[in-house]
Amino acid sequence: MLLESMSPNEANALYILNNLNSEQIVKLANEWILTGLFTDSLNDLCWEKEPEMYIVGPMFEKLVKELNIPQLTRLEAANLIIEKTLTQIVNKEIEPEVGGSYIYNYVWGEVEDEYPVKKYLGDSLGLEHIFCWLREIWDCRDGSRILYYTDLPRSEAEKKFEEHLIEEAQNWLKK
186 MLLESMSPNE ANALYILNNL NSEQIVKLAN EWILTGLFTD SLNDLCWEKE
236 PEMYIVGPMF EKLVKELNIP QLTRLEAANL IIEKTLTQIV NKEIEPEVGG
286 SYIYNYVWGE VEDEYPVKKY LGDSLGLEHI FCWLREIWDC RDGSRILYYT
336 DLPRSEAEKK FEEHLIEEAQ NWLKK
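Note that this note's numbering has the sequence shown beginning at 186, numbered continuously upward.
Source of the hints: derived by calculation from the structure; they are not laboratory data.
All C-beta atoms, glycine included, are put in the ideal place defined by N, C-alpha and C.
Be careful, since some hints might not be right.
Quick list of simulated restraints, FRET-style, between CB atoms [as the list claims (entries may be wrong)]: (1) L252 / D298: 42 to 50 Å; (2) G221 / E348: 34 to 42 Å; (3) L337 / M238: 40 to 48 Å; (4) E278 / N194: 17 to 25 Å; (5) V283 / K234: 24 to 32 Å; (6) G221 / E280: 28 to 36 Å.
Capping the alpha-carbon separation at 30 Å, the derived lysine-lysine pairs in BS3-like fashion look like this [to be verified]: (7) K303 / K250; (8) K234 / K250; (9) K344 / K359; (10) K269 / K303; (11) K360 / K304; (12) K234 / K247; (13) K345 / K360; (14) K277 / K344; (15) K303 / K212; (16) K344 / K269; (17) K212 / K277; (18) K234 / K277.
Produce the complete structure using the sequences and hints provided.
What follows is the structure, encoded as structure tokens:
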């Protein structure tokens, strides 16, 4: 996920999902302050030269309160990051495999115990089709057996899988 142009609300969602480290928090604080956003906690974050999460974390939580950002559940945080990442895929800001892998490893991986698989991987968050095409991309790249477009050269099959992943990202965003 691109940290650039990330809103405090999106950063809070990453923080809730344990996907925002202390260095990233300070970097974002510096970006936000340059855009004219200001609170005491934000200012304090900008001064952290060797950020440690035990110091930066509470400052960030205080910043969230100062900005009146609503408290998110882990599911709300996951959906917010999924939406942001899928939008970046659709807008061609990140590659489909990069965005899909991020969702799989860092979003789904953080909530899968709370929202277990019903029938297909990722189905509790509506990601099963995205993960299907992501898996095909991975299998195509590592030489594993692919299930679709077996009549095409792998490079062409991979392009088809990427197109399908983008289509599924668009479908998810319409929900």
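If you test the structure against every hint from before, which numbers come out violated? 1, 7, 15, 18
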